[in-house]
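These protein sequence lines map, in sequence, to chains A and B. Quick note: the first sequence uses my numbering, first residue 135, plus one each step. Quick note: the second sequence uses my numbering, first residue 10, plus one each step.
No lab work stands behind these hints: they were computed from the structure. A hint or two may mislead.
[Stated by the list, open to error] Below, in silico cross-link-like pairs of lysine-lysine (BS3-like), each with a Cα-Cα straight-line distance of 27 Å or less:
# : chain 1 : residue 1 : chain 2 : residue 2
1 : A       : LYS162    : B       : LYS432
2 : B       : LYS432    : A       : LYS294
3 : B       : LYS590    : B       : LYS495
4 : B       : LYS469    : B       : LYS495
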Amino acid sequence: MSMRSDHLRQLEAESIFILREAAAEFRKPVLLYSIGKDSSVLLHLALKAFYPAPPPFPLLHVDTTWKFKDMITFRDETARRLGLDLIVHINRDGLERGISPVTHGSAVHTDVMKTEALRQALETGGYDAAIGGARRDEEASRAKERIFSFRSAAHRWDAKTQRPELWRLFNTRLHARESMRVFPLSNWTELDVWHYVLAEEIDIVPLYFARLRPVVEREGMLIVVDDDRLPLRDGERPHMQRVRFRTLGCYPLTGAILSGAETLEEIVAELLAARTSERQGRLIDRDQAGAMERKKQEGYF
Amino acid sequence: MAEAKTSREIASLASGTAFPDPLGGKGLLRFVMCGSVDDGKSTLIGRLLYDSELVLEDQLAALECDSRKFGTAGGSIDFALLVDGLQAEREQGITIDVAYRYFATGKRKFIVADAPGHEQYTRNMATGASGCDLAVILADARKGLLTQTRRHSFIVHLLGVRHIVLAINKMDLVGFSRTRFNEIATAYSAFAGELGIPSVTAIPVSATTGDNVVHRAASMPWYEGPTLLTYLELAEAGASAGARPLRMPVQWVSRPNADFRGFAGTLAAGSVRPGERVAVLPSGRTSAVARIVTRDGDLESAGAGDAVTLVLADEVDVSRGDVIAAADAHPDIADQVAAHVIWMGEEPMLPGRPYFVKCGCQTTTATITALKHKINVDNLDHIAARQLELNDIGLCNLAFSRPLVFEPYDVDRTLGGFVLIDKVSNATVGAGLIRFGLRRAENLHWQALAIDRAGRAAAKHQRPCCLWFTGLSGAGKSTLANLLEKRLHATGHHTYVLDGDNIRHGLNRDLGFSDADRVENIRRVAEVARLMVDAGLIVLVSFISPFRAERRMARELFAAGDFLEIHVDASLEVCERRDPKGLYRKARKGLITNFTGIDSEYETPEAPEMRVQTADATPDEVVDGILGELNRRELA
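Extracted from the complex, chain A is given alone in its bound form:
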């Protein structure tokens, strides 16, 4: 047995229970794989839940085409290594319209290339349940969301009519075109995730580790110039800094942190001393008050 603490064992068992419940009760579930550390943990738990069988659902990645190169490489290697069924969905319409975070800003880009794209992918695939790695400690409206979270036929989340969720009895009943979001990591914190990655030796994208990377400073955030699509503003010149990421997304929208943490142990130690939350590095959550709640109502994961 691996060396997990009591509370990590409890969290692991709870997540496995949730994953099995989703697989047993839904007609066609899918695991939303976003390549980050939470997705890595989620995938690891799915491998455990159904062992020796492979997870009985495919992986779906909604690709905005603005992810870090390292993320895409990691995604494809992981799927190949584990022999998993990976579906990559890109909003072709958005791509043709030339939607990008650089020209349209984070709100439009996220709406078209993530929220709309996710709806397209779920509808095209006919999935009735999407399993994701969101945690309740990430954001205030997430803290109120059920583990099995109902979505209307229009993919809307209604905070006021959430189904009571008692014990571990999840109401999975749906009418045609309605769907469920399932969050097995609901009760995990960021620190739990890192402790678990460490204890279980789970592979994660190298971007989480501090390296020298080309960085520009924008609106108080450190943006790593991942390719030549990021137009530099007047006077901007990428300079090499030792940085890493606490959370991963589209590279022009994701701020890096200055860090010397090059190993998992150093990351955990750094986190214990940290005085800011992980979403601080994300532009999209800061746009307006209640931003996440509104995005969720519209179908954002």
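The hints should help you fit chain B onto chain A, whose structure is shown.
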């Protein structure tokens, strides 16, 4: 192995500073924070986080900004905004839905459910309390105990929360008065005693000033007990489920290839080792555990709370919803139970209406056959009621469409808790806690017999069925049943009449006329009728059976097409004029109570297979009509 050892060292090393030692300490504590609206729940949680230095810089900056915008603390930091996450909550300054918060101190890790105080959100409060080890009940020192304080105390006790802390808040607004604190604590103790709550710890606090939340207050030197945080750090977590016999609801049958067949689930209680004998319920087939499979390798043993996959030594039929249990200590199996139900639906709970029920991994249909009483949470009185409204709590009898494996809730939350789901809207409309089974069917497993119903029916050259005559006393049920039996007998059919009066002289002579006894009366007769249909007979049942719920219960025992409800229709005036047994006269004089049609309702069947009028026809004419319909249905 060398690598694994390194991981362990790293894991404990990394957690050594500000994080609880993951391999020692008190483990995870799940608790619920509840109380009436404006008692200051969110503020208290915010204060716990803030004073434990768990609010991070960017959160604090956002909080200061929000406090100016929405704050109710007059410009200073409004801690409630740390936890009230929904826009509507911030604008209205109330908590709508249960929110989950996570924090850790040097001693322990906590999951706290912040439950709403408004009565209309009681269902969300019950959601938050389920699965918790401890409840913090808040009271406003100025207002004392309110309806919601009592309601929440009752719900957390009902849900089996073992430890209760009464946090008497806003002590700063009553001048830190020891007398006021004692008054409220004493009143609460009395209420808790009535509920059967063994012990309550009362702590005087002020969430806005932080007194006795994390730091000991100089303002209340008379208080010598622990601060709230100290109490939480030391409280014992859940009762040990490990000492009980094995219970594992099967969640998922794993068959990756022809060589492997495993049963995945989480142990609800007990432990298991390879080689141990187990029984699969409800079938009762036994086998031994061959392997405990996990991706980390096979295990030597697994305990309560572990998510594993069991491989059995024999080819035993196991599917999702079955329970793998210790072979020498089975859980109960029943298709009728008594349970407390917390109603959460916007529409009232109606006896007789079928709902989906989910219990463990089992899903089937449940019907409330009787609502014994509703509970007034203010004074704990039992009130007679015909339905449960939103947020009502009542004791009910439920009938399941197939036997369920269960344990009383007090013994096992996993196999004793259930939810009810509306079949049309799919909403979760009720939560239930099983108290006991009404039919002791444990260890009685249906014997598959060599001669089946079809064989017995073929020997009699007939299609067996149950003809259920319902109607007012004096409507003509017995007359028609007797005449019909004669006519069927004359044409070579094998029949039997079950008559209400006759059965009450024998099989059901122990039953009276209370609601519960009426349900049991019908249940027994329906079961006897079912056995007789199984034996190949055409059974004629002549029972007033005034309630739809009971007739539905009887109908659900039979296969579709085997049960024909015949409403023998005659007006009350006609029946009272006939009064063959003189019962109406007695009822009118008040000599008999609960008499159908007089002081007890007859619920007219909505869609019976046949409805026959007896006021203006002779019995022979009516029976001709019934026989015609039976012919049309190829039953006679």
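Here's how the hints hold up against the structure:
1. Distance check on the hinted pair: LYS162/A and LYS432/B sit about 21 Å apart at the alpha-carbon level, within 27 Å; holds.
2. With a CA separation close to 21 Å, the supplied pair LYS432/B and LYS294/A stays within the 27 Å bound.
3. A distance of roughly 23 Å separates the Cα atoms of LYS590/B and LYS495/B; the hinted pair therefore holds under the 27 Å criterion.
4. Among the hinted pairs, LYS469/B with LYS495/B is consistent with the structure: their alpha-carbon atoms are about 17 Å apart, no more than 27 Å.
Against the hints set out earlier in the document, no violation occurs for any number.
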